[in-house]
Amino acid sequence: RKEVEQDPGPFNVPEGATVAFNCTYSNSASQSFFWYRQDCRKEPKLLMSVYSSGNEDGRFTAQLNRASQYISLLIRDSKLSDSATYLCVVSRASGTYKYIFGTGTRLKVLA
Amino acid sequence: EPEVTQTPSHQVTQMGQEVILRCVPISNHLYFYWYRQILGQKVEFLVSFYNNEISEKSEIFDDQFSVERPDGSNFTLKIRSTKLEDSAMYFCASIAGLHTEAFFGQGTRLTVV
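Same order as they appear, the protein sequences are chains A and B. Going by my numbering, the first residue of the first sequence is number 1, and it counts up by one from there. Going by my numbering, the first residue of the second sequence is number 1001, and it counts up by one from there.
If we strip away everything but chain A, and leave its shape as in the complex, we get (with noise of 0.2 angstroms):
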């Protein structure tokens, strides 16, 4: 199984409309958790940072179940600029640290 999961996609949406991508994690010694946006040939790029509380910003929210092992982010009111792929990334500081990708979810905005 694999350490970060996500639906690849594309989920292609109209502007406007509400979309959600889940993850999923098998390592229960994960401590941190984000989301990242990757434009096409481009960095990573921080998008939020995820709380167990959940937290919000703007039209983004994102949410963390520790008991289920699954991080969901949530777009409100798409722009035709969300258009990306969003990675869902967790960290880990068993050994060492580092952070570990999923396989990242493609986003396309249709006007």
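Quick caveat, the hints were computed from the structure, so don't treat them as lab data. If you're wondering where the values come from, they're calculated on a predicted model, not measured in any experiment. One or more of the hints may lead you astray.
[Unchecked claim] Below are the SDA-like pairs computed for lysine to any residue, each with C-alpha atoms no more than 20 angstroms apart in a straight line:
1) A:Lys2 / B:Leu1046
2) B:Lys1042 / A:Glu56
3) A:Lys42 / B:Arg1109
4) B:Lys1042 / A:Asn65
5) B:Lys1042 / A:Leu47
6) A:Lys42 / A:Ala111
7) A:Lys45 / B:Glu1101
8) A:Lys45 / A:Thr61
9) A:Lys108 / B:Lys1057
10) A:Lys42 / B:Gly1040
11) A:Lys42 / B:Pro1002
12) B:Lys1083 / B:Ala1096
13) A:Lys45 / A:Ile100
14) A:Lys42 / B:Lys1042
15) A:Lys45 / B:Val1024
16) A:Lys42 / B:Ile1038
17) B:Lys1042 / A:Glu3
18) B:Lys1042 / A:Asn22
19) B:Lys1042 / A:Ala17
20) B:Lys1057 / A:Glu3
21) A:Lys42 / B:Gln1011
22) A:Lys45 / B:Ala1096
23) A:Lys42 / B:Gln1106
24) A:Lys42 / B:Ser1087
25) B:Lys1042 / A:Phe11
26) A:Lys42 / B:Arg1022
27) A:Lys45 / B:Glu1003
28) A:Lys2 / B:Ile1026
29) B:Lys1042 / A:Arg92
30) A:Lys45 / A:Ser91
31) B:Lys1042 / A:Ile100
32) A:Lys42 / B:Leu1046
33) B:Lys1042 / A:Thr24
34) A:Lys45 / B:Lys1083
35) B:Lys1083 / B:Glu1044
36) A:Lys2 / B:Lys1057
37) A:Lys42 / B:Lys1083
38) B:Lys1042 / A:Cys40
39) A:Lys2 / A:Lys79
The hints should help you fit chain B onto chain A, whose structure is shown.
Here is chain B on its own, set in the frame of chain A:
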């Protein structure tokens, strides 16, 4: 805003040649990483570096690869005897401390011909 810088942005090399990819992490960061992304695939961990030594390496990071921090600022990835399948985007990343945001460089696109 501080940033991680990588050079070159694109490197074309012949199979069997050696390449050195360079990174300047953010100055007060403590942990450094190299990741690889083959076109259309996921971002894969190669190696982590802390306290001037490798702290972990993946199965991909075999004897063909090495990392150095020669002068306390630059962080290099050397790939010896390159193969066609080494063609990928190589990202350097650094973090200030545990559980903090990883900052990525813009990447070096390596093309082996």
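Hints, one by one, checked against the model:
1. A:Lys2 / B:Leu1046: holds (16 angstroms)
2. B:Lys1042 / A:Glu56: Violated, at roughly 26 angstroms.
3. A:Lys42 / B:Arg1109: Since the Cα atoms of lysine 42 of chain A and arginine 1109 of chain B sit roughly 10 angstroms apart, the hinted pair holds (cutoff 20 angstroms).
4. B:Lys1042 / A:Asn65: Given that 20 angstroms is the threshold and the Cα spacing comes to 24 angstroms, the pair is violated.
5. B:Lys1042 / A:Leu47: holds (17 angstroms)
6. A:Lys42 / A:Ala111: Measuring from Cα to Cα gives roughly 23 angstroms; hence the hint is violated.
7. A:Lys45 / B:Glu1101: holds (9 angstroms)
8. A:Lys45 / A:Thr61: OK: lysine 45 of chain A and threonine 61 of chain A at ~17 angstroms, within 20 angstroms.
9. A:Lys108 / B:Lys1057: violated (34 angstroms)
10. A:Lys42 / B:Gly1040: holds (12 angstroms)
11. A:Lys42 / B:Pro1002: Holds - the C-alpha atoms of proline 1002 of chain B and lysine 42 of chain A are around 18 angstroms apart, at most 20 angstroms.
12. B:Lys1083 / B:Ala1096: This hinted pair is violated, its Cα atoms lying about 33 angstroms apart.
13. A:Lys45 / A:Ile100: holds (14 angstroms)
14. A:Lys42 / B:Lys1042: Holds, because 13 angstroms separates the two Cα atoms, which is no more than 20 angstroms.
15. A:Lys45 / B:Val1024: holds (17 angstroms)
16. A:Lys42 / B:Ile1038: Measuring from Cα to Cα gives roughly 13 angstroms; hence the hint holds.
17. B:Lys1042 / A:Glu3: Cα-Cα ~13 angstroms, so holds.
18. B:Lys1042 / A:Asn22: Status holds; Cα separation ~16 angstroms.
19. B:Lys1042 / A:Ala17: violated (26 angstroms)
20. B:Lys1057 / A:Glu3: holds (16 angstroms)
21. A:Lys42 / B:Gln1011: holds (16 angstroms)
22. A:Lys45 / B:Ala1096: Between lysine 45 of chain A and alanine 1096 of chain B the Cα gap is close to 16 angstroms, so the pair holds against 20 angstroms.
23. A:Lys42 / B:Gln1106: Distance ~6 angstroms between lysine 42 of chain A and glutamine 1106 of chain B Cα, so the pair holds.
24. A:Lys42 / B:Ser1087: Status holds; Cα separation ~16 angstroms.
25. B:Lys1042 / A:Phe11: holds (17 angstroms)
26. A:Lys42 / B:Arg1022: holds (17 angstroms)
27. A:Lys45 / B:Glu1003: Holds, at roughly 11 angstroms.
28. A:Lys2 / B:Ile1026: The hint is violated at about 31 angstroms.
29. B:Lys1042 / A:Arg92: Holds: lysine 1042 of chain B and arginine 92 of chain A sit about 18 angstroms apart, inside 20 angstroms.
30. A:Lys45 / A:Ser91: With Cα atoms ~15 angstroms apart, lysine 45 of chain A and serine 91 of chain A stay inside 20 angstroms; holds.
31. B:Lys1042 / A:Ile100: holds (10 angstroms)
32. A:Lys42 / B:Leu1046: holds (18 angstroms)
33. B:Lys1042 / A:Thr24: holds (16 angstroms)
34. A:Lys45 / B:Lys1083: It is violated: about 29 angstroms lies between the C-alpha atoms, which goes past 20 angstroms.
35. B:Lys1083 / B:Glu1044: Distance of about 17 angstroms is within 20 angstroms: holds.
36. A:Lys2 / B:Lys1057: holds (18 angstroms)
37. A:Lys42 / B:Lys1083: Distance of about 23 angstroms is beyond 20 angstroms: violated.
38. B:Lys1042 / A:Cys40: Measuring from Cα to Cα gives roughly 12 angstroms; hence the hint holds.
39. A:Lys2 / A:Lys79: violated (31 angstroms)
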